[in-house]
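Engineer: Sequence order for the protein chains is A and B. Quick note: the first sequence, position 109, residue 120 per the working numbering, numbers continuous. Quick note: the second sequence, position 215, residue 219 per the working numbering, numbers continuous.
Because the hints were derived from the structure by calculation, they are not lab data. Among these hints, one or two may not hold up.
[As the list claims (entries may be wrong)] Now the stretches of chain A that chain B is said to cover, found in silico as 3 or more residues with beta-carbon under 8 Å:
(1) 13 to 24
(2) 44 to 54
(3) 77 to 89
(4) 143 to 150
(5) 169 to 183
(6) 191 to 203
[Said to hold, decoys possible] Straight-line distance between alpha carbons at most 30 Å, and here's what the computed DSS-like set of lysine-lysine pairs gives:
(7) K197/B / K213/B
(8) K13/A / K249/B
(9) K103/B / K249/B
(10) K279/A / K10/B
(11) K13/A / K10/B
(12) K103/B / K279/A
(13) K249/B / K279/A
All C-beta atoms, glycine included, are put in the ideal place defined by N, C-alpha and C.
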Amino acid sequence: MKRDFVLTHLAVLALSAVFLFPFIWLLTSALKPNELLKQWPPIWVFSPTLEHIRELFAPASPFRFWQFLSNTLFVCAFTVTGNILASSMVAYGFARLRWPGRNLLFYTMLGTMMVPAQTMMIPVFLVFRRLGWIDSFLPLIVPPLFGNAFFIFMLRQFFLTVPRDLLDAARVDGHGEIAIWWRVVMPLSIPAIAVVGLFSFLGSWNDFINPLIYLLDETRYTLSLGLAMFQGQYEAQYGRLMAASALMTCPIVVLFFFTQRQFIEGIKMTGIKG
Amino acid sequence: MTPGEKRELRLGLFFVAPYLIGFSVFMLGPLVASFVFSFTDYDIFNRPTWAALDNFRALAHDNLFWTSLKNTAFYTVFSVPLGMLVAFSLALLLNRKMKARPLFRTIFFLPSIVPLVAASVLWVWIFNSQYGYLNWALRPLCDAVNWAFGASTAPPNWLQSPTWAKPALVIMSVWGVGGTMVLYLAALQDVPKSLYEVADLDGATSFQKIRHVTLPMISPILFFTLVMGLIGALQVFTQAYIMTKGGQPGVSTLFYCLYLFQNAFEYFRLGYASAMAWVLFALIAAITVLVFRITGRFIYYEGGGEQ
């Protein structure tokens with residue numbers, strides 16, 4: 012037993028070192044002076060420098076961190092709001108209202124979740140092009156306003172757990188369904204709403220292919236597109252690239268530490284009940 | 005329909021209206037349109053012209069199409085099972101009696117939330133054959149092998165090598181199995197302790213317990229992650245776009261969706277790309293059905309399983 016206990020911990024420690032190493036490499040490379048970056052074998056102990064980070068914030072830097080960050084946050088804000096409002100409204104319609112055709116539509120929605128986005132990509136692009144929305148944020152922020160099948164499914168499962176008596180009591184009091192959705196069900200579903208907000212924020216923060224297709228002008232790049240383009244131009248400047256990668260990753264890691272429970276709950280919710 | 009039903013229908017449709025509109029505009033319409041496009045010649049600047057089955061016929065003779073399919077198959081066949089195996093092993097390990105479980109769970113989970121673009125940029129540097137730390141870590145291993153067998157092995161050139169570029173992307177994908185691990189761990193913790201106790205009474209070994217208790221009990225979640233993993237792997241795009249400059253070296257990492265993207269947005273062969281998109285759709289549907297068929301009888305649903 013004792014031996015098992017020790018072995019388990021040794022194995023876990025060794026494996027966590029393996030999983031942590033890329034992070035250590037990211038941070039040390041971002042803080043390593045240029046002349047040490049291309050030393051073999053790699054140097055792990057050195058006096059850190061902020062030169063790469065300072066270069067990123069220089070006025071002429073092609074990686075315009077603040078600009079890309081504000082673009083990303085702008086898109087995220089719309090996506091999160093849209094996804095929460097629209098998905099929860101639709102989820103309420105699927106979970107707590109009875110109407111002919113409801114189940115048929117719900118299962119159709121589940122079925123469509125398997126369809127790869129690539130199949131719709133080209134016509135959707137043509138629609139946005141016809142609307143003159145290319146090189147604007149609209150193709151990124153408008154679709155979430157119509158909800159997302161994945162989030163609708165998740166919220167529906169959660170809404171189903173709200174006690175029926177509560178809804179009936181509100182109906183007896185003369186409240187309409189909109190009021191019940193907004194004032195009764197939503198406040199009771201804050202944990203699920205938080206998960207949807209979190210995942211939708213992450214999805215938008217990490218999204219690469221949509222910005223790649225729709226954003227052309229550098230002033231509109233999001234962080235992922237900006238970082239990818241920066242990598243294309245400054246392939247050999249590993250210090251700067253690592254600094255930029257670290258800057259893009261840090262907010263997510265910080266966010267994770269504040270919302271760990273929602274993260275784990277969200278993964279379980281989307282996985283196990285799926 | 006009674007007036008009451010009509011009212012119910014109107015109310016229901018009102019609530020799901022956002023989805024219905026989105027579904028028509030971003031799903032149903034585009035689905036029909038791309039199906040039609042797949043039978044046309046369309047370069048975005050001129051009107052599409054009818055081409056019947058030309059696109060599909062051309063695909064069958066397109067070497068790059070077959071290469072991209074093979075590359076994607078390689079990536080899928082290795083990354084999905086390997087990812088599941090690693091996630092399962094980590095979950096088993098964390099499920100044992102141990103200290104600081106939340107800390108280690110966090111460590112294993114963290115890589116899975118690193119933005120894919122940032123992770124790709126990072127791994128290019130890790131895989132750097134001259135200065136990257138991976139080869140720094142492998143060098144002693146190679147030296148040991150060389151010393152023992154008189155061989156002359158050297159660490160691979162990873163992303164510069166047509167042989168090793170795909171395995172490199174598989175390795176990187178394994179780093180991100182944290183989400184799957186969290187799912188498995190949650191499922192493991194739901195397995196009733198009594199089952200293990202009974203197995204103990206029967207004198208089962210640890211391996212037998214995993215094989216006959218753990219695996220059947222968590223089979224629904226294994227199945228779910230298998231299907232989602234396959235679908236995700238078949239759509240691999242970002243890593244290759246960033247790390248290997250659109251499929252290099254040669255065409256060794258030209259994945260299906262990368263080639264599709266190039267056809268659509270670089271060569272503006274929209275009809276051809278639409279045909280590819282429908283082939284992908286058909287492939288994913290076929291694989292999903294196949295997985296359902298094959299694994300169906302191995303899945304154990306508690307309470308009879310009407311899922």
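Engineer: Does each hint hold? Answer for all of them.
Structural biologist: Going down the list of hints, with the structure as the test:
1. 13 to 24: As far as the segment 13 to 24 of chain A goes, the hint holds, because 6 residues have Cβ atoms under 8 Å from chain B.
2. 44 to 54: holds (count 6)
3. 77 to 89: violated (count 0)
4. 143 to 150: Since 0 is below three, the answer is violated.
5. 169 to 183: violated (count 0)
6. 191 to 203: violated (count 1)
7. K197/B / K213/B: Since the Cα atoms of K197/B and K213/B sit roughly 12 Å apart, the hinted pair holds (cutoff 30 Å).
8. K13/A / K249/B: violated (51 Å)
9. K103/B / K249/B: violated (44 Å)
10. K279/A / K10/B: violated (38 Å)
11. K13/A / K10/B: Given that 30 Å is the threshold and the Cα spacing comes to 69 Å, the pair is violated.
12. K103/B / K279/A: holds (23 Å)
13. K249/B / K279/A: Violated. K249/B to K279/A sits at ~35 Å, over the 30 Å cutoff.
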